[in-house]
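**Student:** Go ahead and model the full structure; you've got the sequences and the hints to work with.
There are 4 protein chains.
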Amino acid sequence: MLRVAIIGGSGYTGLELLRILAGHPKVRVIAVTSRAYKDTPVSEVPCFRGFYEGLKFTEPADFKGIKADIAFSALPHSVSQEAVPGLLKAFGRVIDLSADFRLKDEAAYRTWYGEHKSPWLLKEAVYGLPELNREKIKKARLVANPGCYPTGAILALAPLLKRGLVRPDSIIIDSKSGVSGAGRKAALETSFVEVAGGFKAYKVGCHRHTPEIEQGLSSLTGGADGVKIVFTPHLIPISRGILTTAYAELKRHVSTDSLIGLYNEFYEGERFVRMLPEGRFPDVGNVRRSNYCDIGIYLDAGRKRVIAISAIDNLVKGASGTAVQNMNIMAGFKETLSLDGPPVAI
Amino acid sequence: MLRVAIIGGSGYTGLELLRILAGHPKVRVIAVTSRAYKDTPVSEVPCFRGFYEGLKFTEPADFKGIKADIAFSALPHSVSQEAVPGLLKAFGRVIDLSADFRLKDEAAYRTWYGEHKSPWLLKEAVYGLPELNREKIKKARLVANPGCYPTGAILALAPLLKRGLVRPDSIIIDSKSGVSGAGRKAALETSFVEVAGGFKAYKVGCHRHTPEIEQGLSSLTGGADGVKIVFTPHLIPISRGILTTAYAELKRHVSTDSLIGLYNEFYEGERFVRMLPEGRFPDVGNVRRSNYCDIGIYLDAGRKRVIAISAIDNLVKGASGTAVQNMNIMAGFKETLSLDGPPVAI
Amino acid sequence: MLRVAIIGGSGYTGLELLRILAGHPKVRVIAVTSRAYKDTPVSEVPCFRGFYEGLKFTEPADFKGIKADIAFSALPHSVSQEAVPGLLKAFGRVIDLSADFRLKDEAAYRTWYGEHKSPWLLKEAVYGLPELNREKIKKARLVANPGCYPTGAILALAPLLKRGLVRPDSIIIDSKSGVSGAGRKAALETSFVEVAGGFKAYKVGCHRHTPEIEQGLSSLTGGADGVKIVFTPHLIPISRGILTTAYAELKRHVSTDSLIGLYNEFYEGERFVRMLPEGRFPDVGNVRRSNYCDIGIYLDAGRKRVIAISAIDNLVKGASGTAVQNMNIMAGFKETLSLDGPPVAI
Amino acid sequence: MLRVAIIGGSGYTGLELLRILAGHPKVRVIAVTSRAYKDTPVSEVPCFRGFYEGLKFTEPADFKGIKADIAFSALPHSVSQEAVPGLLKAFGRVIDLSADFRLKDEAAYRTWYGEHKSPWLLKEAVYGLPELNREKIKKARLVANPGCYPTGAILALAPLLKRGLVRPDSIIIDSKSGVSGAGRKAALETSFVEVAGGFKAYKVGCHRHTPEIEQGLSSLTGGADGVKIVFTPHLIPISRGILTTAYAELKRHVSTDSLIGLYNEFYEGERFVRMLPEGRFPDVGNVRRSNYCDIGIYLDAGRKRVIAISAIDNLVKGASGTAVQNMNIMAGFKETLSLDGPPVAI
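Protein chains in written order, with numbering that gives the first Met the number 0: chain P, 0 to 345; chain H, 0 to 345; chain S, 0 to 345; chain Y, 0 to 345.
Treat the hints as calculated values from the structure; they're not laboratory data.
Keep in mind the model is a prediction, meaning the values are calculated, not measured.
Every residue, glycine too, gets a C-beta built ideally from N, C-alpha and C.
Any given hint could be a false lead.
[Stated by the list, open to error] As a list, the in silico PhoX-like pairs of lysine-lysine whose alpha-carbon atoms are at most 20 Å apart: (1) S:37 with H:303; (2) S:250 with H:227; (3) Y:227 with P:303.
[What the hints assert, rightly or not] Estimated spans, in silico, between C-beta atoms of each pair: (4) P:37 with S:116: 34 to 44 Å; (5) H:110 with S:140: 52 to 62 Å; (6) H:186 with Y:123: 26 to 36 Å; (7) S:78 with Y:162: 45 to 55 Å; (8) S:64 with P:37: 44 to 54 Å; (9) Y:220 with S:278: 56 to 66 Å.
**Tutor:** Written out as structure tokens, the structure is:
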């Protein structure tokens, strides 16, 4: 059994890790920390009644006595970067779900997030999108688990950029996310009454996932050309799910058939990417509580535009599901362990 | 592997059976029928993309060539009673999710539903609430899977009636159900716009689950006294979940402690019933997409009333989950197979 | 023009007062206070863009220079009782939307809320339910605007108690409220993700509206007998609306017809109470954003029970709508001014 | 009093007309037709209890005895075109809420909708977007009330195209609509359970509002250049509201200030268009149940893109509200009558 520690277990990504790992046949969660829930049995979280008997939330700093084989850090960004060096020392391998180790460029981190406290780890950290980086993840000590918007956007556009089919300066990404993406702290903006029945764009032109998406897409173009995107996130009054509608200008004429063929080839063997046939487009409802990313493609031949639409569950494929997928890869397990159930469509 | 046939696979309970059985280690679904989806691969139901490869929906009547060990009938009531005799003949064992074989009394069936076409099976059919009828279910040929409201109501009140603690004519059951309880046919009353943001009582004093609840509760009193209830169902603008708030008058003084103790004792060893400690009450969110029934108890000593509140997922513990639990019992499997994951609280 | 001051204008009841009064032909809001929004123009509240030009939120304490004819206090309970004496002095007449002046019995207030700081006003304050207390409201200096649950419960049951038809110790009130009832402060329990898709009972047996409902119902029985209720509030994942399902035991036999006739007679001429015909029951959707209270009645002759179901919008008839209705009465205006638009059913 | 007839009164736009006109001081609805509700009093529609006493729904064809000054046709497209000639004859002036008279080009209508049965009226019909066509609407016999998506899209982009600031072939319109946009017929795709918690794009590249948006935008460019758009509609799990996120490439450099200034100037005096200041973006919640269109602008100077975001209530500004605005204009009333209440933000 792989012994796992979860640092920061009471946020949505931490709780989702607990949910996914509860059914993992080769894992034992031996520690879970939370300042808020300190000393509370995990089984007192109402949905976990009857699960994780004997396991209590502990102080985040308190992992000295713990003998884990791997740690997940589900701490907020800027906090996580302070904890990760200690976690690496204590456990050897860390999957960090925060934004702290995703950007390779320290200056970019500083611009978007502020001063980095463990910059020496940025180079070593492996960007943990298994569909693109599987081989590096296998041996990584530190995996930077991708952000939710970047996961949806990069998977939607990767084949187009890899094959050089679209102009890298033409990309517009119009994304829509459920409310759990904002985290689990009380705030008027995410209260039920303020959100229900509404719909809005937010952080227009200034969302912190912009440089992460640009870095991810640029890495696919052979480095020749930096990808610059227009990115507009919106808030959907649902708990989970991200739909990404991405627009790009084609460099040359292609048919819908060959476009979909290209995607099918690019994602061949990828269990968690499901290409839809022509004329079908994804619904976040159809990937809910699953690790799947559904993708549909539309070609506007007249306007020479391709529309690539992807749907993920932001807490699973956009966070804790990919984190467990990375863990499976790192541990040499079957990659789909505990992740391959069907979505819960309703 | 147990070979399973699902008759009526495109309604919510049929699809939920497919979802639950997709992860069952000892089951193979070898046939699934649906008039609406006839000849469509199951993997074209969007959420099942990548699952059930090779399996197609077939005509309901078309089960002659099928060699299944057990069949689920997820047909609507009054239709199911016509199919079940044939299913018993073909497969030997049937779990019927409709209301057709739940009432023991043919006259009661006639009053509430209309003429019964296979009344000779009413006596043989076993009411499939495992927490009360496990031994009979083991050997049953025909299991009448309980209704969603009755499951929540009977589990909430069973210990009180079994121990003779409450007046059987004092029971008021105020239930609230998500919209999937109405089934999967298009109707203005269950359309998004008509339901969202609303809340109402419906079929006040005349819901067909009334006699089923009364039969279930009466069976616990030793037959001495028929239980007569006041039952008010309400519609919650959510997809899944039933909360049942039941009120009963105590015959004699008891303490909260001893009441909760009584419940704990009654449900000892029942994996799917989770008693909450004093002062905690269930939320349908905490049993969502799970087979659990959470129960909380409040004692109003002054008014000599007990309030018993239960929460279930109407499609799981209230339908397809209990059906699979029954199947596990009938097949001699571990009862919790494919059913013991944690709820998806958000 | 009646000059109105709103004290505490940034909570849901304060904002709803602003919404209702924006269209009032005989009112001018000359002051609105809010600690949180201090110095912000009302027109910067996004929905009020284009309204209330020139009006700014001011410090709550800052009403010395204000020459208003009447003040609404939309402050939280326990805060309001400190402000009201000053408001009375400054403006002469006050409608208090908090719970602070609703209970006549200071000891009851102490038990449920804590020490009262202006107890000498309890006797003078008029309980502001216009359908029961119109004459007293006309001349009141201080109106205690009813709570949301009490409004729905009292209107549903008043005719039964007034006519002595039901046993006063038999009443069970099972209420369901939208989330705005919890007020407009950030809290994890009312965040979108925690609430959406769930449904639960809360404060079972201990909700502070219990004594207010009992006082209101008792006042109808001629004082002979104190009414004691069982009251269970539930949280609906919608923003607005309360459905109250009340159960009571009949003292003698009556027909459904005569029951509904009794209600029609009791509420004759009441514009804001809409009795539904036999077999119809209210939906909170059908009173949304209106001052109406819809009531439907069911008689269970066999069990000698009557079920009275009412629906209100908790922020309108359950708070700010009734407050404006009271203001209209106090000012000698037509009672329905600015309140008689049709509900917004979807 | 203006005597008004509503043809097709039981769909969402017909019911919304009834809601808005219930409070109109200069209008009397003297007839309302509905095949489904024939002979039913309007006051039996639950939300209208207490309103429109004496008015019954009648057969659609049955308007011979009616003496109305103006008719609204809220019939579905292709049905409306058969009724409108008769309505014009009977009443003289018609506001048609269907798509039937919006496209000027009969061939385009044929391509997108099918054969037109009253094509001779296409030329005469005035496209009823008051902010662009007020003068023509004043004298129009037949007003083609704009579609919901086109209203949001055209208002968001009009100033840019009118001033020739953006490349007409660069426009991408990513729109999101609430479910009421799909109309009020029972359908599985719009049922609560199928929609709740989901989010998807639909009719990608083939939505019938595409040519209407292109026609509306092209009319602003001086006819020099036909505007060709990429248009992607999405379904939001809310009842009302459309958010339109439109992207366009600037022809030359402008500042954010001058862009917003341009919009303010363009919409000066328009009561129902509310420009937001820099850094603020609209939320459909803030225009709910109102006739307002909120617009926010973002300039991506580096990418030379402008993002224009608009929010409307699809049933009000996107349908029945604009229809009443048109009626006010045609009748010489104050344009805002019955339409100028504040939005209901929650």
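**Student:** For each hint, tell me whether it holds in the structure or not.
**Tutor:** How the hints compare with the structure:
| no. | hint | verdict |
| --- | --- | --- |
| 1 | S:37 with H:303 | 51 Å, violated |
| 2 | S:250 with H:227 | 19 Å, holds |
| 3 | Y:227 with P:303 | 12 Å, holds |
| 4 | P:37 with S:116: 34 to 44 Å | 37 Å, holds |
| 5 | H:110 with S:140: 52 to 62 Å | 60 Å, holds |
| 6 | H:186 with Y:123: 26 to 36 Å | 41 Å, violated |
| 7 | S:78 with Y:162: 45 to 55 Å | 52 Å, holds |
| 8 | S:64 with P:37: 44 to 54 Å | 51 Å, holds |
| 9 | Y:220 with S:278: 56 to 66 Å | 59 Å, holds |
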